[in-house]
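Student: In case you want the letters, here they are:
There are 2 protein chains.
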Amino acid sequence: MDLSLSYVFKNLNKDQLKRIEAVATELPIEEGQEICKEGEEAKALYILKSGAVELVTMVENDFELPISILRNPGDIFGAGVLVTPFEYALTARCFDAGTLLKFKRSKLQQLMKDDRDISCIMMSNLAEYFLLRLKESRREIKIHFSTLLKSYR
Amino acid sequence: MDLSLSYVFKNLNKDQLKRIEAVATELPIEEGQEICKEGEEAKALYILKSGAVELVTMVENDFELPISILRNPGDIFGAGVLVTPFEYALTARCFDAGTLLKFKRSKLQQLMKDDRDISCIMMSNLAEYFLLRLKESRREIKIHFSTLLKSYR
Numbered sequence: 037m038d039l040s041l042s043y044v045f046k047n048l049n050k051d052q053l054k055r056i057e058a059v060a061t062e063l064p065i066e067e068g069q070e071i072c073k074e075g076e077e078a079k080a081l082y083i084l085k086s087g088a089v090e091l092v093t094m095v096e097n098d099f100e101l102p103i104s105i106l107r108n109p110g111d112i113f114g115a116g117v118l119v120t121p122f123e124y125a126l127t128a129r130c131f132d133a134g135t136l137l138k139f140k141r142s143k144l145q146q147l148m149k150d151d152r153d154i155s156c157i158m159m160s161n162l163a164e165y166f167l168l169r170l171k172e173s174r175r176e177i178k179i180h181f182s183t184l185l186k187s188y189r
Numbered sequence: 037m038d039l040s041l042s043y044v045f046k047n048l049n050k051d052q053l054k055r056i057e058a059v060a061t062e063l064p065i066e067e068g069q070e071i072c073k074e075g076e077e078a079k080a081l082y083i084l085k086s087g088a089v090e091l092v093t094m095v096e097n098d099f100e101l102p103i104s105i106l107r108n109p110g111d112i113f114g115a116g117v118l119v120t121p122f123e124y125a126l127t128a129r130c131f132d133a134g135t136l137l138k139f140k141r142s143k144l145q146q147l148m149k150d151d152r153d154i155s156c157i158m159m160s161n162l163a164e165y166f167l168l169r170l171k172e173s174r175r176e177i178k179i180h181f182s183t184l185l186k187s188y189r
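Those protein sequence lines, which keep their order, are chains A and B. Residue numbers for the first sequence follow the numbering used here, beginning at 37 and rising by one. Residue numbers for the second sequence follow the numbering used here, beginning at 37 and rising by one.
The set of hints was computed from the structure by calculation and includes no laboratory data. Quick caveat, the model's predicted, so the values are computed rather than measured. Wrong hints could be hidden among the right ones.
Repeated chains share a single entry, so a pair holds when one copy, or any two copies, can fit it.
Once the Cα atoms are required to be at most 25 Å apart in a straight line, the calculated BS3-like pairs of lysine-lysine come out as [said to hold, decoys possible]:
(1) 73 x 178
(2) 140 x 178
(3) 178 x 54
(4) 171 x 140
(5) 140 x 186
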C-alpha cells in the first residue's frame, strides 16, 4: 500500500516510507467491531486499507454523535497516539468489513527517535492535519449557531 | 518576557529561546484595533505580553461568533503562520490595550530551517496545541447537540 496517501506520511521519501511500512501489521476488521475508544490510552495509529470505519463521539454517555465515515484507502485515525496526552480523541468502529494497517506507538516513537527528519515531517503533517480538522469543527459550530440565529429572527 | 510560557515554544532550551526572542518585535495595541483577519494570508505569529485580545469568527458575513479572549501573558494567536496554507483561522482584535510580541513568518521559517531541533519541537508543540483546540471545539458541538436532544425529548 502507498503510505504517502496518508496525510501524516506525506513528504517522506521512499526510504523513510519503507522503514515505516516495516513496522505495520495488517488487522482484518468486521462490521460493528470497535477498534479504539474515545478517552482511552492511544496505543496505535491506524490506516484504512479497505472497508470503512465510522468515527463517533459520546454525548452525555448515552448518545453517539457521528463525526465522519472513513472510506478512502490511506485515511487515518488514532493520530492522538503521536502527541501527549496519548489519548484517543474519538471512538472508531468498523462500518464495512475490510483491513487496517496498525502502527504500534512504541514502534512509531522508536522510528521518530532514530530519524529526526521523519519526526519533523510527521509532526508538521500532523499540525496541518489537526488545524484542518479544527477549522472543520468550527465550521460546524457556525452552522449550529447560524441555525439558532435564524430561529430568533 | 519568558517565551517558554507560550505553548508553541515549550521544551526549547535557553539558547533556542534566545534566538527566537531575537527576531521578535514589540507591537503596542489599542482597544478595538484589528490585528489579523480570518482567511487572510498569515504573515506573523503573535504572543500576548500584556492587555487582552479577543478571537472571533464570522458567521454568514454579518455576525461575529466569539471564540475566546486571551488574557494571559504567553497566550498565542496566528499559529496558522506555521502550517500550510499559511492562513489566519480567526480574526483577532484588541480587547484591552497592551503589547504584543510579533514574529514575522519569514524570520520564523528561517530559524526553523537553520535549526531542525527548533523546527521539530515547535511542530510537535503545535500539533499538541491544535489537537487540544480540536477537542475543545468538539466539546462545544456536543453541548449544542445535547441541548438540541433535550428539546426533542
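Student: So, for every hint listed, does it hold in this structure?
Tutor: Structure-based check of each hint:
no., hint, result
1, 73 x 178, "between (27 Å within a copy, 17 Å between copies)"
2, 140 x 178, "neither (36 Å within a copy, 30 Å between copies)"
3, 178 x 54, "neither (42 Å within a copy, 40 Å between copies)"
4, 171 x 140, "between (28 Å within a copy, 23 Å between copies)"
5, 140 x 186, "neither (47 Å within a copy, 40 Å between copies)"
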